[in-house]
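**Q** Heads up: the protein sequence lines correspond to chains X and L, in order. The numbering of the first sequence is UniProt numbering, which starts it at 1 and goes up by one. The numbering of the second sequence is UniProt numbering, which starts it at 1 and goes up by one.
Treat the hints with caution; some may be incorrect.
Same chains, same names: a pair is fine if it fits in one copy or spans any two.
Computed list of lysine-lysine pairs in DSS-like fashion (alpha-carbon distance at most 25 Å, straight line) [claimed, not checked]:
hint, residue 1, residue 2
1, Lys71, Lys435
2, Lys137, Lys93
3, Lys535, Lys419
4, Lys521, Lys532
These are computed hints drawn from the structure, not numbers from a lab.
There are 2 protein chains.
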Amino acid sequence: MASEKRQKAIDLSHHLSDISRARETSPLKGLGKYFGRPGLISLAGGLPSEAYFPFSGISGDALVADSFSLKPTEQESSLSWIWKLFSRTNKEKTNTITIPKYVEHPAEDVNLAVALQYGMATGLPQLQKFIKEFVEKIYQPAYEDCTVMVHTGNTDGWSRCMQTLMNPGEAFLTEEWTYPSAVASSKPYGMHAVPVAMDKDGMNPAALRKVLAEWDTTTQGKRPHVLYTVPVGQNPVGSTMGATRKKAIYDVCVEFDIIIVEDDPYFFLQQGEYVPKASRADTADASSEDAWLAGLAPSFLRFDYQGRVVRLDTFSKYIAPGSRLGWHTCNPLFAERLERQGETSAQAPCGFGQSLITTLLNHWQMDGYTRWLHGLAIQYKARRDWFIDCLAEELHIEAATSSTVSFWKDCVVYDAYPKRSTGWLMSEKGSVDTKMLSFVPPTSGMFVWIKVHFDNLPAYRRIGEGDESPEIQLWTKIADAGVLISPGWFFAADVENPPTDEMEGHFRISFSNADFDTLKKAAQIIARETDKFFKA
Amino acid sequence: MASEKRQKAIDLSHHLSDISRARETSPLKGLGKYFGRPGLISLAGGLPSEAYFPFSGISGDALVADSFSLKPTEQESSLSWIWKLFSRTNKEKTNTITIPKYVEHPAEDVNLAVALQYGMATGLPQLQKFIKEFVEKIYQPAYEDCTVMVHTGNTDGWSRCMQTLMNPGEAFLTEEWTYPSAVASSKPYGMHAVPVAMDKDGMNPAALRKVLAEWDTTTQGKRPHVLYTVPVGQNPVGSTMGATRKKAIYDVCVEFDIIIVEDDPYFFLQQGEYVPKASRADTADASSEDAWLAGLAPSFLRFDYQGRVVRLDTFSKYIAPGSRLGWHTCNPLFAERLERQGETSAQAPCGFGQSLITTLLNHWQMDGYTRWLHGLAIQYKARRDWFIDCLAEELHIEAATSSTVSFWKDCVVYDAYPKRSTGWLMSEKGSVDTKMLSFVPPTSGMFVWIKVHFDNLPAYRRIGEGDESPEIQLWTKIADAGVLISPGWFFAADVENPPTDEMEGHFRISFSNADFDTLKKAAQIIARETDKFFKA
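Build the full structure now, drawing on both the sequences and the hints.
**A** Okay, structure coming up:
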């Protein structure tokens, strides 16, 4: 685990891109010695008067921190919004938080006169303070001067990292299946992803080492010096990278001088192994918040004794995506460059959002926010379990430890056949049944990643309709039947050379948003259409 | 004025940068035919459930649209925030606007379930609708398919324009004095500003034509094809570019195939000519809102029959800088590229801000918002008048039409000498008095731009202290005396070759934020320190 004695980040300035180096030091720095001087009159900036802000205050009805049960079966109501709108009996428990325009202690208390004024790209000081304490408590970085720097969500966060760390034409390393937007964002800058093979724990360190050791600069160009990873709730696969694996990846990155960008939006949605419904205990998670946190796979920051990790956090999954608020945690050199970049894009994140979220966090306090996160983790676990339970009801499923050489090696893989009246886990091996789907239940995040065995299609079906791959054909059938899921090709780090052939398709199915009844209906449609496709 | 018959934008695709061309079409487009289909279950995206958004509603106490008098002397209270905090007699008139999580008609009514969810980079449909109507009503674009596309403030807006329209190494045209951040943003991308001479109406079309006609590609590289301008409340000069001048600049841009980026944050802060206190009428602006709007210098959009203007609007000066919300108005081709760029940075602007601002605008309605803007225009006019009145009390000022060949040719220039007991406008020509400062009162915006005649310094003072220019020396004296203003060098489009010599310094002084008593005190300090500097 992390070294006992905390280190200071080493000099990693050679990783900065030409664009990032060329960003000027903030012109405000020259005025620094005057700022904050008592009685100073500033007529330097183009600040409107706070008197002209049209809100004398804003407020929010905030859910209490323990709104969501730690008992998985006490699910979020699946009732429609209409019911929620008119229901009197199902009232949520809320407290009103308010942010006035003026407060007595403007340095301490969040207020609109400051939050809605031009401000530093580092965001509200009160928010900075909260997230700094949060990072120290939860992620425990292995060096002293670890710095937090706000951004407008992890998409922006990664975009800033790319421009800070890479020059046009450079390549970066990533899991062979990855978040498509991360790859798409890089293309206009002439950057591209180099896929690294995965196994059940995520990126494989031996595969990473091989790519780097065998890199041929004459045919492949400059060796990558940035690694982009979604280690928890890996998108799309749903795997969780534990401490041992992270340490192994980190060591390879030290050896080859790689910067790790840890895009970790699903960190608190760690759910553990899926347990089939029949064997599942229906009890609340009795662990204290601290015990729950201690049981989570740690961040790469925990092992980062050299300061070579840039971690991306976001409030998108825990407050709301529309927050457009998150932060980088990294060494102070990179943080300063990211701040300069912020100054010439969004400047600071939106003051309405910052003030509401900061006031909510300070109202809940660290313990309350942790309880909120714990509640959400249990909710998403319940959603995962429910959706897989539904699939298991619609298909004939056999679970067995896989021995295939793939990223599912040594996992319990669920193979799905057409439904038989014999039901759940009743093997009918040797029958004429067709293995249609395989999946490993995710251990974190929002998605189930399903492999489709198109090689088991009747021969006449394989020819396909028009030029479309079987994956797109089945995807279209399911969409036409009323369920939109994501086709697998979309997630290949290198779409031109996907880590699979055309007879092995994939789907990514999200269980995060639809209500429980709808998830059930969707499982029915997916099973029915798949069954029809394989039979037709 | 605008052509009577509306045109369609011409094909300007050759202006797109390589980076912008390389941005992929949104992957969502492939799913387009399924979106909005009744009953469709979407398990495609990584959307959290709205049930987990911790706000069941937010609200704001919104000032009424006619909060600010149209009578200039009914100034915003200069009382401190402490007084505002505790005052019971000075209560602002507000209405509460609320945004619930769920509403009965989610397509029509702003609600958190939508505003805080992942959304299109085009922002909330209700906001889009308002700003589209606003643009049509106020700016009256000269072609039919003019498109609006939200951004997170004009700094982001210009940053997106640069990346959409220019390749690394390219130059863009701008006023010889300009907004420093616009230049600073361009440098990391290897872009630079080419200064164009100004006169009292802003950028000079003959000077623009000369720069373009005499451009030598062998020594100067590719001829610029982008013009960046702050036409109203020109930053830092404070000039206002009227219809005739805009038409002339536009015609040069048609001739040389230039795209105009109109950065116009001060459009509604048009204030007209400064009238000395003694001659000023103390009456409310009796014009109707429509008459007031009709009297404003029009936007470049009004003349844009080819679609070569990208206009940047922001809520920073009219709602609050912390809104981090604004929009591009441009041809549909550019708008689509800007949208793609938004998808890989902030995605959409913050949902808290969008929902509060949209609800406020819909609550005020178009007429109310126009009244609000009119009120602010009068307030800023009162601030300008007050600050110049204060300077006139502290210095001996002579006003005369300038005949010098400079950007003040044909303006009434205010020359400032040390104060004499004879007072305002009592000429003492031929005396030993030293002309220290000159300025033309701004006709819009937030700043007074003051020229300092360091060539009139006693000879022994010109040597300066250390290596610092007289501008920095006097700036430091004023700052040490308690008033922070902006030194002029900072605003040169080309800092290496400023449009002035060292013996002609400048200051930009903002009258937008400090309260009235503080502005008075600042004028006293500036006058006193300048006087001392010239005498010492």
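**Q** Hint by hint, say whether it matches the structure.
**A** To see whether the hints hold, each was checked on the structure:
In the homo-oligomer, the alpha carbons of lysine 71 and lysine 435 never lie at most 25 Å apart, since the shortest distance is 35 Å inside one protomer and 80 Å across protomers. In this homomeric assembly, lysine 137 and lysine 93 never come within 25 Å of each other (Cα to Cα): the closest approach is 28 Å inside a single copy and 44 Å across copies. Taking CA atoms no more than 25 Å apart as the test, lysine 535 paired with lysine 419 passes inside one copy only; the shortest distance there is 12 Å, against 98 Å between copies. Taking the shortest Cα distances, lysine 521 and lysine 532 sit within 25 Å of each other inside one copy (17 Å), while across copies they are farther apart (82 Å).
Of the hints listed earlier, those the structure fails to meet are numbers 1 and 2, in rising order.
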